[in-house]
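*Asks:* Spelled out, the chains give:
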Amino acid sequence: MKIVVCIKQVPATNDAKIDPKTKRIVRKGIKAILNPFDTYAVEEGVQLRDKFRGEVIALSMGPQKAEESLREAISVGVDRAILLSDRAFGGSDTWATSYALAKAIEKIGDVDLVICGKQAIDGDTAQVGPGIAAHLDWLQATYVMAVEEISSSSIRVKRMHEDGYDICEMSLPAVITVVKDINIPRVPSLKGRLASRKCEIPVWKPDDIGADTSKIGLDGSPTRVVKIQPPPPRHTSTKKIEGSSTECAQSLLRELRLRSII
Amino acid sequence: MIAFTDAERKKYRNIWVVAEILFGEIQPVTYELTGAARTLADLRKSEVWVVVMGSGIEGKPESLFAYGADVAILVDNPGLSGFVDETETKIMKRLIVKYKPEVVICGATTRGRALIPRVAVMTHCGLTADCTGLSIDPKNGDLLQTRPAFGGNIMATIRCSNHRPQMATVRPRVMKSPEPDPGRTGKIIKEEMLTSDTEKIKQIIDVFHSTETAYNLADAQIIISGGRGMKGPEGFKLLKQFAEGVGGAAVGASRAAVDSGWIPYAHQVGQTGQTVQTKVYIACGISGQIQHLVGMQSCDLIIAIDKNPDTPMMQIADIAVVGDLFEIIPEIVKGIPNL
Ligand SMILES: Cc1cc2nc3c(=O)[nH]c(=O)nc-3n(C[C@H](O)[C@H](O)[C@H](O)COP(=O)(O)OP(=O)(O)OC[C@H]3O[C@@H](n4cnc5c(N)ncnc54)[C@H](O)[C@@H]3O)c2cc1C
Ligand SMILES: Nc1ncnc2c1ncn2[C@@H]1O[C@H](COP(=O)(O)O)[C@@H](O)[C@H]1O
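Order-wise, the sequence lines are chains A and B. Under our numbering, the first residue of the first sequence is numbered 1, with each subsequent residue one higher. Under our numbering, the first residue of the second sequence is numbered 1001, with each subsequent residue one higher.
Same shape as in the complex, but just chain A (with noise of 0.2 Å):
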């Protein structure tokens, strides 16, 4: 079984900042981490890997420093690791991602199941696992809690939904992305951090996954950020209460009564 897990590096949200002229993300000396659904995506890839044998590949497409991620990955157990990196690739949005990423799918070959977190903490879209399916043309499942059965050419899901579950089987090659229930991410051993750090990490460029250039960067993304603003500012006053449990609770009670919430 080949496995690919589509892996992104984050920003720690609290930092970002947003270049005015540009639009695009101010990344530098910002601290980043890999987006925290994506440790779910890698520890369900080395699982699977581990059952069946074969290979997990971790892919990332980012700046140079996104191969810190790759590392990580590699510390937890992915065989090998590829990014995708080049000023071309550059302001892409989730369509034009999804294609790159497809496209680094493709190249590597023979891939039976991609693997997408949930979604990535920056953008928040959860478009880029389907987006991958769709140029694929593969199956996809999301909102992945479970994989309940895999075999060598179908999969079973257990499929997370607002009002419960449901169970759906496919047949690969498919993607799925993946909710934070499905496991619990391990922590690297010796083993794995001697090889994170050894690895080589090959970066391809378009030319190597043969991707159109109209299709990648600023120019092949249909989406434009045309402005960025502060949030609406919440007001600042706060009604503080205080005094003995019983006054506290009694005067909540008031205010929730005059605003007819009870």
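Think of the hints as simulated: they come from the structure by calculation, not from any bench. Note that the structure is predicted; figures quoted are calculated from it, not measured. Glycine included, C-beta positions come from ideal geometry on N, C-alpha and C. Among the hints, erroneous ones may be present.
Computed cross-link-like contacts, DSBU-like style, restricted to lysine-lysine with a CA-CA straight-line distance of at most 30 Å [as the list claims (entries may be wrong)]:
#	chain 1	residue 1	chain 2	residue 2
1	A	239	B	1237
2	B	1010	A	240
3	B	1098	A	215
4	B	1011	A	215
5	B	1237	A	240
6	B	1240	A	240
7	A	239	B	1279
8	B	1190	A	227
9	A	227	B	1100
10	B	1240	A	239
11	A	227	B	1010
12	A	31	A	240
13	A	240	B	1279
14	A	21	B	1139
Just so you have them, the derived chain A footprint on chain B, three or more residues with Cβ under 8 Å [what the hints assert, rightly or not]:
#	region
15	1107 to 1117
16	1121 to 1130
17	1160 to 1170
Put chain B with the ligands on the given structure of chain A with help from the hints.
*Replies:* Just chain B with the ligands, lined up with the frame of chain A:
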């Protein structure tokens, strides 16, 4: 579809909504989006169309007219009883090619977020996720889509001028459901599901209702949320009583409480949990780290109960109650029936 010129763009008309169907029923988010679509269509002097796909749903789409729909496209087929992303994508693509809508709006639900990105790629359209504001240029039909990014730290306005239709998702309860006008009528167009729509698809083995695995905070009016200050699962029992007391409020949690195993992940609010925009959010023993705040800071009324008055949550709250929640909450619960 790429549409670089005015002439190409002019071929696209009307504002579409993709209906959310759960267990054979149209979900509230569909009415909310129909109302939002109405406002846009009025500015463009065009129509609101709602696509309703499901099984055994004859007679359901009629309810949409009162909320502003002019046309409902009904695709009713037993093959659509479960959610098969691939089939619904193929149908949507066919309908888009046939009728050429200018805008397609879909609920940012688990299904919507699976379906519409697939449709967007297959039709070569831009898609903006989780919009909180939509406005349209009455002259050229460009949709201005406002959405929070970076966990709500910034608001971005996104445009998609060279592609039609322009696609957006909107979370439940972000748009207000309009007052229904029972006198309004509309037209139903029936469309078939083709056998080619079901080629290469998945099998839905079974569908389950469960509040254990999926807890829909987005649908609640009031959320009572607990953090590490609740000390353990017993604390959450107290919150459940509190929630029942105020009339079916939902129970939320911080990541610290979820990670401690006091309550399932489905209840988590915040960056790696759900984003909520309820009328009331009552934070009990939650300090309000940024990752939590970004998931709830746009609730209308925020109430915090914490013994420490200096936490970030107590600073942003509209009402900050200082004290021991294990004493205060039982008093509140006791007080509710007497009001
Ligand atoms: C990448 C990333 C993603 C994250 N995503 C999320 C997320 O989605 N959601 C989320 O919530 N967090 C998230 N976090 C974690 C977040 O940073 C905080 O660690 C977490 O929210 C803290 O939870 P808390 O407020 O319940 O706990 P604490 O910070 O420990 O606060 C507990 C509060 O309870 C009060 N208290 C204690 N006892 C009592 C008492 N008897 N009476 C009254 N008050 C009392 C204390 O004064 C304190 O203010 C994320 C972190 C990272 C790094
Ligand atoms: N640049 C990227 N490189 C690799 N994987 C990505 C990238 N962007 C998104 N993904 C994957 O797609 C998922 C959803 O991302 P998003 O659509 O941005 O919320 C993430 O959890 C990753 O698995």
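*Asks:* Decide, hint by hint, whether the structure agrees.
*Replies:* Now the hints, each set against the structure:
Distance hint between residue 239 (chain A) and residue 1237 (chain B) is fulfilled; the C-alpha atoms sit about 27 Å from each other, no more than 30 Å. Distance hint between residue 1010 (chain B) and residue 240 (chain A) is unfulfilled; the C-alpha atoms sit about 56 Å from each other, more than 30 Å. Distance check on the hinted pair: residue 1098 (chain B) and residue 215 (chain A) sit about 25 Å apart at the alpha-carbon level, within 30 Å; holds. Note on residue 1011 (chain B) and residue 215 (chain A): the hinted pairing holds, with a Cα-Cα distance of about 24 Å set against a maximum of 30 Å.
Only pairs whose Cα atoms come within 30 Å are accepted, and residue 1237 (chain B) paired with residue 240 (chain A) is accepted, the gap being roughly 26 Å. Straight-line distance between C-alpha atoms of residue 1240 (chain B) and residue 240 (chain A) comes to about 25 Å, which keeps the hinted pair within the 30 Å bound. For a cut-off of 30 Å, the pair hint linking residue 239 (chain A) to residue 1279 (chain B) stands: about 17 Å separates their Cα positions. A hinted pair counts as satisfied when its Cα atoms are at most 30 Å apart, and residue 1190 (chain B) with residue 227 (chain A) does not qualify at roughly 40 Å.
Among the hinted pairs, residue 227 (chain A) with residue 1100 (chain B) is consistent with the structure: their alpha-carbon atoms are about 28 Å apart, no more than 30 Å. The straight-line distance between the Cα atoms of residue 1240 (chain B) and residue 239 (chain A) is roughly 25 Å, inside the 30 Å bound, and the hint therefore holds. Between residue 227 (chain A) and residue 1010 (chain B) the alpha-carbon distance is near 25 Å, which keeps this suggested pair within the 30 Å criterion. With a C-alpha separation of about 35 Å, the suggested pair residue 31 (chain A) and residue 240 (chain A) falls outside the 30 Å cut-off, and the hint is violated.
Our distance criterion of 30 Å between C-alpha atoms is met by residue 240 (chain A) and residue 1279 (chain B), whose separation comes to about 20 Å. Between residue 21 (chain A) and residue 1139 (chain B) the alpha-carbon distance is near 27 Å, which keeps this suggested pair within the 30 Å criterion. A count of 7 residues in the region 1107 to 1117 of chain B with a Cβ less than 8 Å from any Cβ of chain A is obtained; the coverage claim is therefore met, three being the minimum. Residue count for the region 1121 to 1130 of chain B with a Cβ under 8 Å from a Cβ of chain A: 9. That meets the three needed, and the coverage hint holds.
Look at the region 1160 to 1170 of chain B against chain A: 4 of its residues bring a Cβ nearer than 8 Å to a Cβ of that chain, three or more, so the hint holds.
Hints 2, 8 and 12 from the list above are not met by this structure, while the remaining hints are.
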